[in-house]
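Protein chains: 2
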Amino acid sequence: MAGTDRRRDMKTGGPAVILIEPQLGENIGMAARAMLNCGLDDMRLVRPRDGWPNPSATSPASGATIVLERARVFECTADAVADLNRVYAATARPRDMTLPVLTPRRGADDMRQAVAGGARVGVLFGSERSGLQNDDITHADAVIQVPLNAAFHSLNLSQAVLLVAYEWFQAGVGCQPAYIPNSRTPAATKAELMGFFNRLESALDSCGFFHVAEKRPIMVRNIRNFFQRADLREQEVKTLHGIVTSLVRGPDSGRI
Amino acid sequence: MAGTDRRRDMKTGGPAVILIEPQLGENIGMAARAMLNCGLDDMRLVRPRDGWPNPSATSPASGATIVLERARVFECTADAVADLNRVYAATARPRDMTLPVLTPRRGADDMRQAVAGGARVGVLFGSERSGLQNDDITHADAVIQVPLNAAFHSLNLSQAVLLVAYEWFQAGVGCQPAYIPNSRTPAATKAELMGFFNRLESALDSCGFFHVAEKRPIMVRNIRNFFQRADLREQEVKTLHGIVTSLVRGPDSGRI
Chain V
1 MAGTDRRRDM KTGGPAVILI EPQLGENIGM AARAMLNCGL DDMRLVRPRD GWPNPSATSP
61 ASGATIVLER ARVFECTADA VADLNRVYAA TARPRDMTLP VLTPRRGADD MRQAVAGGAR
121 VGVLFGSERS GLQNDDITHA DAVIQVPLNA AFHSLNLSQA VLLVAYEWFQ AGVGCQPAYI
181 PNSRTPAATK AELMGFFNRL ESALDSCGFF HVAEKRPIMV RNIRNFFQRA DLREQEVKTL
241 HGIVTSLVRG PDSGRI
Chain G
1 MAGTDRRRDM KTGGPAVILI EPQLGENIGM AARAMLNCGL DDMRLVRPRD GWPNPSATSP
61 ASGATIVLER ARVFECTADA VADLNRVYAA TARPRDMTLP VLTPRRGADD MRQAVAGGAR
121 VGVLFGSERS GLQNDDITHA DAVIQVPLNA AFHSLNLSQA VLLVAYEWFQ AGVGCQPAYI
181 PNSRTPAATK AELMGFFNRL ESALDSCGFF HVAEKRPIMV RNIRNFFQRA DLREQEVKTL
241 HGIVTSLVRG PDSGRI
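Going down the list, the sequences are from chains V and G. Position one of the first sequence corresponds to residue 1 (my numbering), numbered consecutively onward. Position one of the second sequence corresponds to residue 1 (my numbering), numbered consecutively onward.
Incorrect hints may have been included.
One copy or two, it doesn't matter: identical chains are merged, so the pair holds either way.
In silico DSBU-like links for lysine-lysine, alpha-carbon gap of 35 Å or less [claimed, not checked]:
1) 215 / 190
2) 215 / 238
3) 238 / 190
Simulated from the structure, these hints should not be mistaken for lab results.
Sequences and hints are given; from them, build the entire structure.
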């Protein structure tokens, strides 16, 4: 990430808004406007359907052009969240994911605490057509689900972005965060976490752990889930690498 | 008002949404969707620019057709609020009006109290171009103003409707559960967790992982810490046992 980007993000400190396969430029533009309404400016696009930049985003952004100009495009969700420490998945359908489910309001408190502790945070939003997929949700530490009319709960994409951004802003208007996690080392980035996952899964592949091939994806997802939930520190990811190395090397390694 | 309308309104009890001189059918459609997302269905239109019904509202309503079909058109604001007891004006610019100014959240509490007392309530929203005029605001008992980025506070019309409707809905949900673990299996007992810790640590002992003896206690504590934080499920502890077994057995185990 360029130095200017880093300075800018550190200034606002608010969540990055990560749109995965957004379809309509109009929704991207309206999401940009909603973000800037709430003081957010770090938009990230993963495989936008109609490419980027998209002229049809401009008018709905209604002046929030700075957000569109600074938007970054990524090939995959993993890359889009690589520099973040804590990620939320905005979805109405958590589908068998064992993750904490927060309302936007509690999610905003959670974000404020994380940011106060030095973390960089972001929120994933799925496409208009199908929402977030489980593979995207595996990058998340928690789900954000908006309590809505159960009989008609599908939000427009830009409306979903607005509610999350709005609650973020409101949480900052009132009292300051009460709790700052007393961590000795910074939270692991998603890239560090992904590095560990790849390492662990390839070790498990070598050992035949995933011996029923069709079950591999769900097993991988389940394993990533609980490591995600632990809100791992940088140092702890190193320890986990050490554990895998040690176990794989085995009793005959004679390190003592 | 027709008898059926009255029954319907009494059922939901939520605020009427009154759009004054709305310009774009798209915004009317998106507002209808946002309303129904939050359980509201009483939309009133005062002199919509492009007439009514407006076909360009249909697609953005995304299924909230019942709101569009039931929408009523009025020639003036006074008529549109005639049957209401308490009216709020959503505006960023109260312009010399001596009225209480509420956030959407406090406004929602206020509405809930009024409705609980038998009142019928509604919220006025101005046109995209110029917002509410003072003549409209004179019909209001209070102003609703959204705390937003002072440098960029102009909300899209449908976004403003969403925030008011959202806060109305949240005020009725009551306090939110912090954490809804959507887990298929129960949380692991501490005994199951301890069983895994002992297993892992003895495997690590065999591998010489704790080769500096005096550091062993703190390393054990750190490792237990992050597994504790993950709030592991029973099934996940079994998976972790499987991971350790598999890694220790190693690549030559030939399970495949």
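Taking the hints in turn, this is what the structure says about them:
Proximity of residue 215 and residue 190 under a CA criterion of 35 Å is satisfied in both settings, with 24 Å inside one chain copy and 28 Å between copies. Taking CA atoms no more than 35 Å apart as the test, residue 215 paired with residue 238 passes in both settings, with 28 Å inside one copy and 16 Å between copies. With identical chains, the CA atoms of residue 238 and residue 190 are at most 35 Å apart both within one copy (13 Å) and between copies (25 Å).
No hint from the list above goes unmet by this structure.
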